Amino acid sequence: MSTIKKTTEENDQLVKETYQDIRDTRKTEYVGNFWKYLAFDPSLLKEVWTDVKNVMTKETLIDKKTKEMIYMAVSITNNCSYCTHSHTASAKKLGMSDEEHSEFLRIVALAAKTNQLVNGLQVPVDEIFDADK
Numbered sequence: 001m002s003t004i005k006k007t008t009e010e011n012d013q014l015v016k017e018t019y020q021d022i023r024d025t026r027k028t029e030y031v032g033n034f035w036k037y038l039a040f041d042p043s044l045l046k047e048v049w050t051d052v053k054n055v056m057t058k059e060t061l062i063d064k065k066t067k068e069m070i071y072m073a074v075s076i077t078n079n080c081s082y083c084t085h086s087h088t089a090s091a092k093k094l095g096m097s098d099e100e101h102s103e104f105l106r107i108v109a110l111a112a113k114t115n116q117l118v119n120g121l122q123v124p125v126d127e128i129f130d131a132d133k
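In the numbering used here, the protein residues as written are 1 to 133.
What the hints contain is simulated information worked out from the structure, not anything from laboratory work. On a predicted model such as this, the values are computed, not experimentally measured, just so you know. Don't take every hint at face value.
Just the calculated beta-carbon pair ranges, DEER-fashion [stated by the list, open to error]: (1) Val74 <-> Asn33: 13 to 23 Å; (2) Thr3 <-> Ala89: 17 to 27 Å; (3) Lys53 <-> Asn78: 14 to 24 Å; (4) Gln116 <-> Cys80: 16 to 26 Å; (5) Asp126 <-> Glu29: 48 to 58 Å; (6) Ser43 <-> Phe129: 37 to 47 Å; (7) Glu59 <-> Asn119: 33 to 43 Å; (8) Thr114 <-> Ser2: 29 to 39 Å; (9) Gly95 <-> Lys16: 25 to 35 Å.
For glycine and all other residues, C-beta sits at the position ideal for the given N, C-alpha and C.
Please model the complete structure; the sequences and the hints are all you need to start from.
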């Protein structure tokens, strides 16, 4: 259950403009719940959308599908069901196959397992891995 009410109205000009930018950028009429809940604070909505747009939608050295898969990994790690679902859907839309998804999940599970072992054992970092040396 949310701690705030979803904003369904586009009465605020900044909300209206941001929603339209989301629609235009994503080439859809759909605006997801995340944005509708963020709209309780129009400036926060705009700030977060601008960050997402700048990082996730622009052509950079990392292709868009890989960006979505990285977002999936972080979302799984942070236990964010909404983000895991939305970014998995985006990665699939960008061509992630079932086989890639399976391999990806194996990597995420392995990383979580080895991270927990290292944390539990308090393994010191090898000098060769220290970027300052």
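Structure-based check of all given hints:
Between Val74 and Asn33 the beta carbon distance is about 19 Å. The supplied range of 13 to 23 Å therefore holds. Checking the proposed 17 to 27 Å range against Thr3 and Ala89 shows it holds: the Cβ atoms sit about 25 Å from each other. In this structure, Lys53 and Asn78 meet the distance hint of 14 to 24 Å, their C-beta atoms being roughly 21 Å apart. Under the hint 16 to 26 Å, the C-beta atoms of Gln116 and Cys80, about 19 Å apart, fit the expected range.
For Asp126 and Glu29, the Cβ-Cβ distance of about 52 Å falls inside the hinted range of 48 to 58 Å, so the restraint holds. The given range of 37 to 47 Å is respected by Ser43 and Phe129, whose C-beta atoms sit roughly 41 Å from each other. With their beta carbons about 37 Å apart, Glu59 and Asn119 fall inside the hinted range of 33 to 43 Å. Roughly 35 Å separates the CB atoms of Thr114 and Ser2, a value that falls within the hinted 29 to 39 Å.
For Gly95 and Lys16, the hinted distance range of 25 to 35 Å is satisfied, since their beta carbons lie about 33 Å from each other.
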